[in-house]
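Residues 1 to 120 (full-length UniProt numbering) are what the sequence shown spells out, left to right.
Hints may contain errors.
[To be verified] Once the Cα atoms are required to be at most 27 Å apart in a straight line, the calculated DSS-like pairs of lysine-lysine come out as:
1) LYS117 / LYS19
2) LYS68 / LYS104
3) LYS19 / LYS104
4) LYS47 / LYS68
5) LYS104 / LYS37
6) LYS68 / LYS99
7) LYS67 / LYS47
8) LYS68 / LYS3
9) LYS24 / LYS117
10) LYS37 / LYS68
11) LYS67 / LYS19
12) LYS117 / LYS47
13) LYS3 / LYS99
14) LYS19 / LYS47
15) LYS37 / LYS3
16) LYS104 / LYS3
17) LYS24 / LYS104
18) LYS67 / LYS117
19) LYS99 / LYS37
20) LYS67 / LYS99
21) LYS47 / LYS99
22) LYS24 / LYS3
23) LYS19 / LYS68
24) LYS117 / LYS99
25) LYS117 / LYS68
26) LYS47 / LYS24
27) LYS19 / LYS37
28) LYS3 / LYS117
29) LYS99 / LYS24
[To be verified] If you anchor each label on the Cβ, the simulated ranges turn out as follows:
30) GLU45 / MET16: 13 to 23 Å
31) GLN87 / GLY26: 26 to 36 Å
32) THR23 / ALA88: 24 to 34 Å
33) ALA88 / ALA11: 18 to 28 Å
34) ALA88 / GLY26: 31 to 41 Å
35) SER41 / PRO74: 29 to 39 Å
36) ILE94 / GLN116: 31 to 41 Å
37) GLU59 / GLU92: 12 to 22 Å
38) LYS104 / LYS24: 17 to 27 Å
None of these hints come from the bench; they were simulated from the model. Idealized CB from N, CA, C, for every residue including glycine.
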Amino acid sequence: MGKRVLVSDDAAFMRMMIKDILTKNGYEVVGEAANGKEAVSLYSELKPDLVLMDITMPEMDGIQALKKIRESNPDASIIMCSAMGQQAMVIEAIQSGAKDFIVKPFQADRVLESIQKVLG
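When you get a sec, could you build the whole thing from the sequences and use the hints?
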């Protein structure tokens with residue numbers, strides 16, 4: 001069975017792009033969240049193997065959502081996505097428990113490489 005992934009990004013086209021890369025490579029996208037709040041509630045509901053999460057989102061940003069998810073599940077596998085030039089946020093994300101990060105705009109092979117590294 002393919003690994004179950006939750007995709008969280010406020011841009012619908014980014015979610016669609018990521019979903020496309022994942023489904024073509026045998027992963028199952030079990031949910032999509034448009035903001036950090038949705039990501040946190042969908043995470044507890046769906047229990048995915050992995051979360052791909054944007055850092056900059058409305059209502060609750062990716063870093064706050066990352067911390068919330070890891071409060072309830074310290075072993076959560078979360079990969080952060082961010083645009084260029086957000087190094088400070090990337091560092092904060094890694095310190096808060098993100099397993100890896102992908103810089104936007106991303107290449108499909110970089111996304112898959114990151115997922116394989118995190119899920120083993």
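Structure-based check of each hint:
1. LYS117 / LYS19: Holds, at about 18 Å.
2. LYS68 / LYS104: Since the Cα atoms of LYS68 and LYS104 sit roughly 24 Å apart, the hinted pair holds (cutoff 27 Å).
3. LYS19 / LYS104: holds (15 Å)
4. LYS47 / LYS68: holds (14 Å)
5. LYS104 / LYS37: Holds, at roughly 22 Å.
6. LYS68 / LYS99: Holds: LYS68 and LYS99 sit about 15 Å apart, inside 27 Å.
7. LYS67 / LYS47: holds (16 Å)
8. LYS68 / LYS3: Given that 27 Å is the threshold and the Cα spacing comes to 22 Å, the pair holds.
9. LYS24 / LYS117: Within the cut-off at roughly 18 Å; holds.
10. LYS37 / LYS68: holds (9 Å)
11. LYS67 / LYS19: holds (24 Å)
12. LYS117 / LYS47: This hinted pair holds, its Cα atoms lying about 20 Å apart.
13. LYS3 / LYS99: holds (16 Å)
14. LYS19 / LYS47: holds (17 Å)
15. LYS37 / LYS3: holds (23 Å)
16. LYS104 / LYS3: holds (23 Å)
17. LYS24 / LYS104: holds (20 Å)
18. LYS67 / LYS117: holds (21 Å)
19. LYS99 / LYS37: With a Cα-Cα distance of about 20 Å, the restraint between LYS99 and LYS37 holds, given a limit of 27 Å.
20. LYS67 / LYS99: holds (12 Å)
21. LYS47 / LYS99: Roughly 17 Å between the alpha carbons, so the hint for LYS47 and LYS99 holds.
22. LYS24 / LYS3: Distance ~13 Å between LYS24 and LYS3 Cα, so the pair holds.
23. LYS19 / LYS68: Within the cut-off at roughly 24 Å; holds.
24. LYS117 / LYS99: holds (9 Å)
25. LYS117 / LYS68: At roughly 23 Å apart (the allowed maximum being 27 Å), LYS68 and LYS117 satisfy the hint.
26. LYS47 / LYS24: holds (22 Å)
27. LYS19 / LYS37: This hinted pair holds, its Cα atoms lying about 20 Å apart.
28. LYS3 / LYS117: Holds - the C-alpha atoms of LYS117 and LYS3 are around 13 Å apart, at most 27 Å.
29. LYS99 / LYS24: holds (23 Å)
30. GLU45 / MET16: 13 to 23 Å: Hint holds: Cβ distance 22 Å, inside 13 to 23 Å.
31. GLN87 / GLY26: 26 to 36 Å: holds (32 Å)
32. THR23 / ALA88: 24 to 34 Å: holds (33 Å)
33. ALA88 / ALA11: 18 to 28 Å: 21 Å Cβ-Cβ, so the 18 to 28 Å window holds.
34. ALA88 / GLY26: 31 to 41 Å: At roughly 35 Å between Cβ atoms, GLY26 and ALA88 fall inside 31 to 41 Å, so the hint holds.
35. SER41 / PRO74: 29 to 39 Å: Cβ of SER41 to Cβ of PRO74: about 18 Å, so the range 29 to 39 Å is violated.
36. ILE94 / GLN116: 31 to 41 Å: violated (18 Å)
37. GLU59 / GLU92: 12 to 22 Å: holds (18 Å)
38. LYS104 / LYS24: 17 to 27 Å: holds (19 Å)
The structure fails hints 35 and 36 (numbered hints given earlier, in ascending order).
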